[in-house]
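**Q** If you want the building blocks of each chain, they are given just below.
Protein chains: 2
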Amino acid sequence: MNGAEALVRTLVASGVDVCFTNPGTSEMYFVEALDRVSEMRCVLCLFENVATGAADGYGRMTDRPASTLLHLGPGLANGFSNLHNAARAFSPIVNIVGEHATYHKRFDAPLTSDIEGIASRVSDWVGTSSGPVSIALDAARAVYEASTAPGRIASLVAPADATWLDGAEIAPPMLANQRSQASDEAIEKAAELVASGEPTLLLLTGRALRADALELAGRIARKYGKVQVMAQTSNGRIERGHGRFPVERVPYPVQQALDKLSPFRSVILVGAKEPVAFFAYPGRPSRLLPEGTVVHSMATIAEDCTDALDRLAAKLGAIEPALVETGSPPATGTGPLTAMSLAAALGASLPADAIVVDESVSVGRGFYNAMRASPPHDWLQVTGGSIGDGLPLAVGAAVACPGRRVVCLEGDGSAMYTNQALWTMARENLDVTTVILDNSSYAILHGEFAAITGGKAGARASRMLDLDGPRLDWPSIAAGMGVPCTRVTDVEGFVAAFTRANATPGPHVIDAVISA
Amino acid sequence: MNGAEALVRTLVASGVDVCFTNPGTSEMYFVEALDRVSEMRCVLCLFENVATGAADGYGRMTDRPASTLLHLGPGLANGFSNLHNAARAFSPIVNIVGEHATYHKRFDAPLTSDIEGIASRVSDWVGTSSGPVSIALDAARAVYEASTAPGRIASLVAPADATWLDGAEIAPPMLANQRSQASDEAIEKAAELVASGEPTLLLLTGRALRADALELAGRIARKYGKVQVMAQTSNGRIERGHGRFPVERVPYPVQQALDKLSPFRSVILVGAKEPVAFFAYPGRPSRLLPEGTVVHSMATIAEDCTDALDRLAAKLGAIEPALVETGSPPATGTGPLTAMSLAAALGASLPADAIVVDESVSVGRGFYNAMRASPPHDWLQVTGGSIGDGLPLAVGAAVACPGRRVVCLEGDGSAMYTNQALWTMARENLDVTTVILDNSSYAILHGEFAAITGGKAGARASRMLDLDGPRLDWPSIAAGMGVPCTRVTDVEGFVAAFTRANATPGPHVIDAVISA
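Quick mapping for you: the protein sequence lines, in order, are chains W and B.
Quick note on numbering: the working numbering labels position 320 of the first sequence as 789, and the sequence is numbered without any gaps.
Quick note on numbering: the working numbering labels position 53 of the second sequence as 522, and the sequence is numbered without any gaps.
Quick caveat, the hints were computed from the structure, so don't treat them as lab data.
Keep in mind it's a predicted model, so treat the numbers as computed, not measured.
Among these hints, one or two may not hold up.
Distance condition first, Cα-Cα at most 20 Å in a straight line; then the derived EDC-like pairs of lysine to aspartate or glutamate [claimed, not checked]:
| id | chain 1 | residue 1 | chain 2 | residue 2 |
| --- | --- | --- | --- | --- |
| 1 | B | 925 | W | 504 |
| 2 | W | 742 | B | 577 |
| 3 | W | 574 | B | 583 |
Here are a few chain B residues that sit away from chain W, every Cβ distance over 10 Å (derived from the structure) [to be verified]:
| id | residue |
| --- | --- |
| 4 | 594 |
| 5 | 642 |
| 6 | 660 |
| 7 | 667 |
| 8 | 694 |
| 9 | 720 |
| 10 | 805 |
| 11 | 817 |
| 12 | 833 |
| 13 | 853 |
| 14 | 914 |
| 15 | 938 |
On the chain W side, residues computed to face chain B include the following (Cβ under 10 Å) [stated by the list, open to error]:
| id | residue |
| --- | --- |
| 16 | 571 |
| 17 | 633 |
| 18 | 636 |
| 19 | 652 |
| 20 | 759 |
| 21 | 870 |
| 22 | 933 |
| 23 | 947 |
| 24 | 982 |
| 25 | 984 |
Just so you know, even glycine gets a beta-carbon here, dropped at the ideal spot from N, CA and C.
Could you build the full structure based on these sequences and the hints that come with them?
**A** Okay, here's the thing in structure tokens:
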């Protein structure tokens, strides 16, 4: 068996049976093995950042790694920024990065680069296979590393000759370690802070934002009126909606975050980090907590946060069920589409069991709250601040969860970054409804310009912040990649198109033209 | 004056007055300065790999650096692969990479990454400004480093507070060193090899492929019948066409290269490296020269190659003018568009003084030869093997050379990588005619699959190599970004559309549907 076949079969044996790829010459033996290993589902992406972002979405929804297959250093670099986002979401991913044959690298052919050097900037583990005998063992190791808590990026560099030479064998899976538990002292200290009666924040991320963990946090908040539960500003996945314990997020704008956090005397971190400003602004603090706030890390992101909340609730005798969301979704409005009317329309129309991917940036600041009472759904965000993750996340989530509708809320500027994802949605007939928030502008940057400079952009500066001249025509772009698109300008049109799209198998784009 | 304004004014004072960018919050003070520094032309790109590729094209055509402005580590990573291509073309580029404020970085906010670590993998020089007092000096230094022979990538990391704080001053330009000259011994040795009467190859790249240097090489070839002049497989820029000394390139397919190089007993490198295979293939050599060939580097890429050829010609008494291309372009054919008929049509119809950007990959293997007798033109290639450079190169070349028509020959798979460049062509009204070679396939990978595995891709493997299901609709994609597009399927239609596009100001796309 050649190295490539052993590599693919080992990935499958280790539970990695989806691969998002844009391959090249050095990966041809991996591709060739697909004709013999039908258990591996390989999904073609027309740009590598689509492949890595899709692996991120897949990992968030399954808690298992997908693999990517990337073409040498430049292919890895093309997928880097969504790996950055994935690392900040603690998504498990196995990157297979093709490389020149071992004996060829020293000739410095045009595609030669320092793959390990690039990979190490965005990977928790980097390995390079020395030949066909080791490549399957390396693959099993990569899956193990990716599956290690909290979910990690493992990058395996696969020289072409290690894939084409014979003498390889399938390697057995390596079982990932169980998550370790938070210490008794950490639980005890958290219990003391809660019981003190001081205003206390339970700040969550990671697995602590799944419904079971939120229920536990909600029980504590129910028993102790001074305890509030919040999520970080950016989180990989939140299970929420009607019948679940609702959780606010720390606001993105610095002043709002300062105001929101000002009441607290202590903060208990559950997977989370101490909240800091997304960016620095002149004269504004980086740290968002009031001076003197006690910060206690009860459980790290790599520890079992659900178990920690369970033990904390038990110690506090918080056994009454959480006060879950029982409200009604907002009423569908009428009239022109604005950020606010669109938020209500989304909240009113979200289908059951949806996976919402939120790369709505500025227009969508009200979406999260507007959907708090919508049918139960998952909420996926851009975690590393690098735009262009939304459409790829939607691809990965749809591949991970057939039968569920993915609703992708996309700023127009962000959508352009990885518009190639639309083609993969069409090819794989994925159930994704993409809503393009079409305001012909990097609207967030107008806000940031004001926030950071205190002024308003002039004509030449504005040209760097606006997407007009020419205006992007999303129905054309989507149709060009095989995805039907409906342009809407008012709430009635949006709801009709959104409802129809969600009821129709396969992908659809809604070009939601936003009035200022 | 704040740091950002001093930075922008220093770039302008140092001769860098074009900036290709996709900015974010940390770059807002640079953007804000544009309203006061009208000498800086800032060009918005909707993805960073467009910005870096455009800077590459600009550098190749002007021999001066443009700057880029990129948003932290992920923005740099998004532009990495075209910087890789630029480095292999020896293009001068100054990257300005925004970074968190110096005091903010330690909080590890979501966009934090090891910018210097990423930059160092694709830069010849990396610097980080410590504050507003140093940032202008750092900018002048970056321009100096980028301008140092043979043309280099300089990356300056600009923390946000270094741009917004006051107390900065404009820094004076630093004059780049003159290129050093090849040694007399190196010229002498080359002269001996030529005069020996053995079959000798003059292998050129870089500045040695400009018309003046080629004329000198041609004089030597005219006097010494056993001397042949060739260019590397991949080169940043070749000046060629009717009335210029024609130069073949080392073929990409390994067997063709071996055959072509087999006659030579000695090779004189002028800027070039010893030719090696682009990829390794099982059972095939990496080195392309016959065993025992004498390889002599007469001038390195950083040395003055034109001067070296001048001195060699003088020493050899090669004073007769080179035998320049005096043939006629091929006749325009008729009938369906094939790789061959399209090559002839291009050769017959190329406008005068064009800049040809060649990312035609497999379909375009015959284009270079078909255009050898076309009116004088420049020929720009993807130098680092990372696809997605063509459309961005065209943007940069058009910005660099107003009044000249850029003809961009693009494989459909490659065009998808950085399709966002079309929008910038529309916004800047650039005179670019893009010909999409529409075969709905990574055709080169079918060839590589056969070359490397010796077999033919089966159904599952083929799905990774084909772009159908759905077929990309280029007229829609182009129109979506504001560029008109004409679909053609036969030679007559192509020539009519190509001629009309080249005579019409602004960008145009021709969707050339290729028959198998």
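**Q** Taking the hints in turn, state whether each one holds.
**A** Status of the hints after comparison with the structure:
1. For the hint linking residue 925 of chain B to residue 504 of chain W, the alpha-carbon distance of about 11 Å falls within 20 Å, and the restraint holds.
2. With a C-alpha separation of about 10 Å, the suggested pairing of residue 742 of chain W with residue 577 of chain B holds against the 20 Å cut-off.
3. For the suggested pair residue 574 of chain W and residue 583 of chain B, the alpha carbons sit about 26 Å apart, so the restraint of at most 20 Å is broken.
4. At roughly 16 Å, the least C-beta separation between residue 594 of chain B and chain W is larger than 10 Å, which holds for a residue marked as non-interface.
5. With a minimum CB-CB distance of about 23 Å to chain W, residue 642 of chain B clears the 10 Å threshold, and the non-interface call stands.
6. Here residue 660 of chain B stays apart from chain W, with its beta-carbon at least about 28 Å from theirs, past the 10 Å limit.
7. Non-interface status of residue 667 of chain B relative to chain W is upheld: no Cβ of that chain comes within 10 Å, the nearest being about 25 Å off.
8. Look at residue 694 of chain B: its CB is around 31 Å from the nearest CB on chain W, clear of 10 Å, so calling it non-interface holds up.
9. Distance check on residue 720 of chain B: its Cβ is at least 14 Å (rounded) from any Cβ of chain W, clearing the 10 Å threshold; non-interface status holds.
10. Consistency note on residue 805 of chain B: stated as away from chain W, and its beta-carbon is indeed over 10 Å from all of that chain's, at 23 Å minimum.
11. The beta carbon of residue 817 of chain B is kept farther than 10 Å from every beta carbon of chain W, the shortest such distance being approximately 30 Å.
12. Taking the minimum C-beta to C-beta distance to chain W, about 17 Å, the non-interface status of residue 833 of chain B holds against the 10 Å cut.
13. Separation of residue 853 of chain B from chain W is inadequate, the least Cβ-Cβ distance of about 5 Å not exceeding the 10 Å criterion.
14. Look at residue 914 of chain B: its CB is around 7 Å from the nearest CB on chain W, not clear of 10 Å, so calling it non-interface is violated.
15. Not every Cβ of chain W is farther than 10 Å from the Cβ of residue 938 of chain B; the closest lies at roughly 6 Å, contradicting the non-interface assignment.
16. The beta carbon of residue 571 of chain W is positioned within 10 Å of a beta carbon in chain B (closest approach about 9 Å), and the interface hint is therefore held.
17. Taking 10 Å as the C-beta contact cut-off toward chain B, the hint placing residue 633 of chain W at the interface holds, the least distance being around 5 Å.
18. A cut of 10 Å between beta carbons decides the hint on residue 636 of chain W: the least distance to chain B is about 14 Å, and the hint is violated.
19. A cut of 10 Å between beta carbons decides the hint on residue 652 of chain W: the least distance to chain B is about 23 Å, and the hint is violated.
20. Interface hint at residue 759 of chain W: violated, since its Cβ lies 16 Å from the closest Cβ of chain B, which is beyond the 10 Å cut-off.
21. Hint on residue 870 of chain W is violated. Least Cβ distance to chain B is approximately 22 Å, over the 10 Å limit.
22. Evaluation of the residue 933 of chain W hint against chain B yields a held restraint, the C-beta minimum of about 5 Å falling below 10 Å.
23. For the restraint placing residue 947 of chain W at the interface with chain B, the shortest Cβ-Cβ distance is roughly 8 Å, inside the 10 Å limit, so the hint holds.
24. This hint is violated: residue 982 of chain W has a C-beta 14 Å from the nearest C-beta of chain B, more than the 10 Å allowed.
25. Because the smallest distance between the Cβ of residue 984 of chain W and any Cβ of chain B comes to about 21 Å, over 10 Å, the interface hint for this residue is violated.
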